[in-house]
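The residues making up each chain are set out below.
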Amino acid sequence: MEALRPLDALNEARNKKVMLELKNGKTIIGKLKAFDVHINTVLEEAEEHQDGQLIRKLGNLFVRGDTIILISPSVE
Amino acid sequence: MEALRPLDALNEARNKKVMLELKNGKTIIGKLKAFDVHINTVLEEAEEHQDGQLIRKLGNLFVRGDTIILISPSVE
Amino acid sequence: MEALRPLDALNEARNKKVMLELKNGKTIIGKLKAFDVHINTVLEEAEEHQDGQLIRKLGNLFVRGDTIILISPSVE
Amino acid sequence: MEALRPLDALNEARNKKVMLELKNGKTIIGKLKAFDVHINTVLEEAEEHQDGQLIRKLGNLFVRGDTIILISPSVE
Amino acid sequence: MEALRPLDALNEARNKKVMLELKNGKTIIGKLKAFDVHINTVLEEAEEHQDGQLIRKLGNLFVRGDTIILISPSVE
Amino acid sequence: MEALRPLDALNEARNKKVMLELKNGKTIIGKLKAFDVHINTVLEEAEEHQDGQLIRKLGNLFVRGDTIILISPSVE
Amino acid sequence: MEALRPLDALNEARNKKVMLELKNGKTIIGKLKAFDVHINTVLEEAEEHQDGQLIRKLGNLFVRGDTIILISPSVE
Numbered sequence: 001m002e003a004l005r006p007l008d009a010l011n012e013a014r015n016k017k018v019m020l021e022l023k024n025g026k027t028i029i030g031k032l033k034a035f036d037v038h039i040n041t042v043l044e045e046a047e048e049h050q051d052g053q054l055i056r057k058l059g060n061l062f063v064r065g066d067t068i069i070l071i072s073p074s075v076e
Numbered sequence: 001m002e003a004l005r006p007l008d009a010l011n012e013a014r015n016k017k018v019m020l021e022l023k024n025g026k027t028i029i030g031k032l033k034a035f036d037v038h039i040n041t042v043l044e045e046a047e048e049h050q051d052g053q054l055i056r057k058l059g060n061l062f063v064r065g066d067t068i069i070l071i072s073p074s075v076e
Numbered sequence: 001m002e003a004l005r006p007l008d009a010l011n012e013a014r015n016k017k018v019m020l021e022l023k024n025g026k027t028i029i030g031k032l033k034a035f036d037v038h039i040n041t042v043l044e045e046a047e048e049h050q051d052g053q054l055i056r057k058l059g060n061l062f063v064r065g066d067t068i069i070l071i072s073p074s075v076e
Numbered sequence: 001m002e003a004l005r006p007l008d009a010l011n012e013a014r015n016k017k018v019m020l021e022l023k024n025g026k027t028i029i030g031k032l033k034a035f036d037v038h039i040n041t042v043l044e045e046a047e048e049h050q051d052g053q054l055i056r057k058l059g060n061l062f063v064r065g066d067t068i069i070l071i072s073p074s075v076e
Numbered sequence: 001m002e003a004l005r006p007l008d009a010l011n012e013a014r015n016k017k018v019m020l021e022l023k024n025g026k027t028i029i030g031k032l033k034a035f036d037v038h039i040n041t042v043l044e045e046a047e048e049h050q051d052g053q054l055i056r057k058l059g060n061l062f063v064r065g066d067t068i069i070l071i072s073p074s075v076e
Numbered sequence: 001m002e003a004l005r006p007l008d009a010l011n012e013a014r015n016k017k018v019m020l021e022l023k024n025g026k027t028i029i030g031k032l033k034a035f036d037v038h039i040n041t042v043l044e045e046a047e048e049h050q051d052g053q054l055i056r057k058l059g060n061l062f063v064r065g066d067t068i069i070l071i072s073p074s075v076e
Numbered sequence: 001m002e003a004l005r006p007l008d009a010l011n012e013a014r015n016k017k018v019m020l021e022l023k024n025g026k027t028i029i030g031k032l033k034a035f036d037v038h039i040n041t042v043l044e045e046a047e048e049h050q051d052g053q054l055i056r057k058l059g060n061l062f063v064r065g066d067t068i069i070l071i072s073p074s075v076e
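Protein chains in written order, with the working numbering: chain A, 1 to 76; chain B, 1 to 76; chain C, 1 to 76; chain D, 1 to 76; chain E, 1 to 76; chain F, 1 to 76; chain G, 1 to 76.
Hints are not guaranteed to be accurate.
To be verified - Example chain G residues on the side facing chain F (calculated, C-beta under 8 Å, incomplete):
#  : residue
1  : Leu4
2  : Arg5
3  : Pro6
4  : Ala9
5  : Leu22
6  : Ile29
7  : Ile39
8  : Ile68
9  : Ile69
10 : Ile71
11 : Ser72
12 : Pro73
13 : Ser74
Said to hold, decoys possible - Dumping the calculated EDC-like pairs for lysine to aspartate or glutamate here, alpha-carbon to alpha-carbon at most 20 Å:
#  : chain 1 : residue 1 : chain 2 : residue 2
14 : A       : Lys16     : E       : Glu44
15 : F       : Lys17     : D       : Glu44
16 : G       : Lys16     : G       : Glu48
17 : F       : Lys23     : D       : Glu12
As the list claims (entries may be wrong) - Which bits of chain B does chain C cover? Going by a derived footprint, with three or more residues having C-beta under 8 Å, they are:
#  : segment
18 : 31-43
19 : 60-73
Hints are computed from structural coordinates only; laboratory data are not their basis. By construction, the Cβ of each residue, glycine as well, lies at the ideal position given by its N, Cα and C atoms.
All chains, full assembly: derive it from the sequences and hints.
In structure tokens, the structure reads:
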């Protein structure tokens, strides 16, 4: 199956664990629940990580799209 | 219940205590009263916190959306 | 009375003393006379403050909205 | 007389001396000749000032709106 | 064959290996699967590289367009 | 003659020598040939200057509008 | 012949060698193949230069418009 648009590809990651890298250097890992065209994103069971270590648990989380660099659904 | 759009998820946090992280590094905690599509946000009983400590009370507060990194409704 | 939109909440602060925090770290206090959807804001009797000290009086003042972090109507 | 919109307030300053503070830290003083919704601004007899000292005369000047923090018509 | 619009040129790189340089200084190499008018981009088998060395494998990856400086399809 | 809109004022500088100050701190001097609503600007015989010294000749030059702080037609 | 709009001027440089200066301080030289209203730009035989020295060859290259400061078609 071929994803032709970036948001279609994001959609395939819905309800899966994803990693977000933010412009302030932080890494957030959580289950992708929702996103919109601005890439505003809602995660469940979100956690802030640094160098592979858990920094703090954030639970449900709304992330403003313009602070996101990348979203990777490939979290082991 | 499934929130499909990020603003729907934010809406579920209305009238609840939320934590805002801003691009200038500040953390604001308060009761979420209103927001719009730019994520302009109004809080009640807002407080600025740093390292878990209360820095100052801000009362009612309007926060311009483009300064917000994330909003977490999971404040204990 | 419930303010459902952020600009409605700002509107309740019209003609009252408000505190603006700007992205360049400055704090401006003055009477809120006007604002628009960009949060472009006009104050009367505006003053620049730092650490609770008056730095200078600015009188009437137009502040471009995109430089504003937050607006607090709760100035004692 | 009540100015209800920020640009109306700016309009009252047309042909008067105003002070502009720019995001690069510079202060420009001059006679306000024109502005638009982006706050693109044209001054006459513009001067760059620093710490109350005249740095250089700039004459007619077009300032791109997104570089402006504030405009004060209250220049003595 | 002549590409007259930038997105047409990007389209010719679809399903090919490309290098992305991001505003945070990072280099990402991967197979270009999708992009949109904001240059939001989806890569497969994405890898972060630094000074020609592989830093980490990212697998499928969504990159927000406003963080991209350049995209080069000429990866050997 | 009164210029009521900023772009009208810029238009009066067309085919005249102007000075551009850019957000990266550079000063460009050249003959203004064209501009648009984004303040994208085309100069002829453009030169980069620093502290009143010519750094390099750039000839014809397209400058992206969002990098411009100010344009002064008052170049002696 | 008079170019009245900046993009017309850019268009005259199509298929010619141009120099791009980017906001991250890099200089790219290459043959201008395509651009759009956002100044997204495609170059052929692109090279990164620094202080007049070739740093690396980039071949075909898509550059996101918002990272461009200036484009000079006057490359000797």
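Kindly indicate which numbered hints from before are broken by the structure, ordering the numbers from low to high.
5, 6 and 17
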